[in-house]
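**Q** For chain A, the structure is supplied; the task is to place chain B on it using the hints.
In case you want the letters, here they are:
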Amino acid sequence: MGYHFVATATGLGMLAAAGVALAQPPAAPAAAAPTYVSIPMETTVNKPAAEVWAKVGKFCDLGTWMRIDCTITSGKDGEFGAVRSIAGGRVTEILVGKTPMSYTYTQPVAAGRPYNLYHGTLEARPINATSTRLVYTLVFDNSMLADDAARTRDLAAKRTQFEGALANMKALAETGSVPPAPARAGTPPAAGAPAPK
Amino acid sequence: MSNSLKAALTAGLLLAPLSALAQPPAAAPAPATPANPLISASPTYATIPMEITVNKPAKEVWARVGKFCDIAEWLQIAAGCTITSGKDGEVGAVRTVGSEVLVAKTDLSYAYTQPVNGAARAGRPYNLYHGNLEVKPLTATTSKIVYTLMYDNSMLADDAARARDLETRRTSFMRGMNNMKILAEGGTLPPPPAPPARAGTPPAAAPAPGR
Chain A
1 MGYHFVATAT
11 GLGMLAAAGV
21 ALAQPPAAPA
31 AAAPTYVSIP
41 METTVNKPAA
51 EVWAKVGKFC
61 DLGTWMRIDC
71 TITSGKDGEF
81 GAVRSIAGGR
91 VTEILVGKTP
101 MSYTYTQPVA
111 AGRPYNLYHG
121 TLEARPINAT
131 STRLVYTLVF
141 DNSMLADDAA
151 RTRDLAAKRT
161 QFEGALANMK
171 ALAETGSVPP
181 APARAGTPPA
191 AGAPAPK
Chain B
1 MSNSLKAALT
11 AGLLLAPLSA
21 LAQPPAAAPA
31 PATPANPLIS
41 ASPTYATIPM
51 EITVNKPAKE
61 VWARVGKFCD
71 IAEWLQIAAG
81 CTITSGKDGE
91 VGAVRTVGSE
101 VLVAKTDLSY
111 AYTQPVNGAA
121 RAGRPYNLYH
131 GNLEVKPLTA
141 TTSKIVYTLM
151 YDNSMLADDA
161 ARARDLETRR
171 TSFMRGMNNM
181 KILAEGGTLP
191 PPPAPPARAG
201 TPPAAAPAPG
211 R
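Chains as they are written, first to last, in the working numbering: chain A, 1 to 197; chain B, 1 to 211.
This is chain A alone, in the form it adopts within the complex (with noise of 0.2 Å):
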């Protein structure tokens, strides 16, 4: 079954005289020919394995290091199954892959947008008995944006994103708190600051 959307031109003409709204035709399912990229990311934590995965490693501590809401709203926490509702809603994730210190998850197929199997995968591995490398990465399909330069200006900004997030893992694991997050460009000092020269 395709999706097809067929109307001549004088009755969709007519249609909008009459101010009716066309209907959306439903995004194309998902690209013809997928590029699956990846984004592999990593970070040293001066902590053993076992340890930064007890402080990051469950699935709705993505709230603490992203600095967003998070809850599980479906299945149980940490099981394959799982469902974490991120962003006030606006973003759901699905856990589909575990081993002891690895997670992996994925998105739900979206109304209004190819769907692009987008998947992230969080490890913690051993480096000896007192550091770890922590690995985050992403694969998808990016066959679907404009061009070679949406899809590089799209990569970039995901590894800005997660880079960030490794980060505050670590600060997390090592000093068991996350940085304040960077003032917002434009955001007026907080009262009693001293105004920017």
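Do not rely on the hints blindly, as some may be mistaken.
Some but not every residue of chain B turned toward chain A, in silico, with C-beta under 7 Å [as the list claims (entries may be wrong)]:
(1) Ile39
(2) Tyr45
(3) Cys81
(4) Ala104
(5) Thr106
In short, the hints are calculated from the structure, not lab data.
Quick caveat: nothing in here was measured; it's all calculated off a predicted structure.
All C-beta atoms in this analysis are idealised placements derived from N, C-alpha and C, irrespective of residue type, glycine included.
**A** Using the frame of chain A, we list chain B on its own:
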């Protein structure tokens, strides 16, 4: 009221009925945006965990059964398996079996999923099917193969259909796991099960007497 205003109002009153007649009849209320048939309205994620113990160290087992296309050997897929995209064993690799995409890996595990196009062609919701294969060390000489399937089964007809589906998958993959054990321990696989006979197909001819 000024004469020009009266004239304008009169013109408007005269024009209104004419323009109303020129318009098409009031349209029916706009239809709701058609739902994306790929979206599962109320997903229920089912999990099928399976495991088997192997009398070999984990790394040896993984080396024998853990390559992405090894599935063709231990599931005895007659058509075989080839990597059609990406680098074998790396995230993003695609194998011919189920057009499956490798989406995650650790040293002794990988996870894969199937793309959405199959569901789109069939006109059914995407079930987010994922498989996870992992080898866990137990002792220096033994390990455990763990295979976990996870998917949304909410679109199946009823609980009976869901139970049959679970059982079918479990039977198929437990056979695969038994084969992985055999291969890892150095044995030879039994012949694959015969495919179910199609309705109307005559039975195979009996051997001639004396053979």
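**Q** Checked against the structure, which of the hints given earlier come out wrong?
**A** 3
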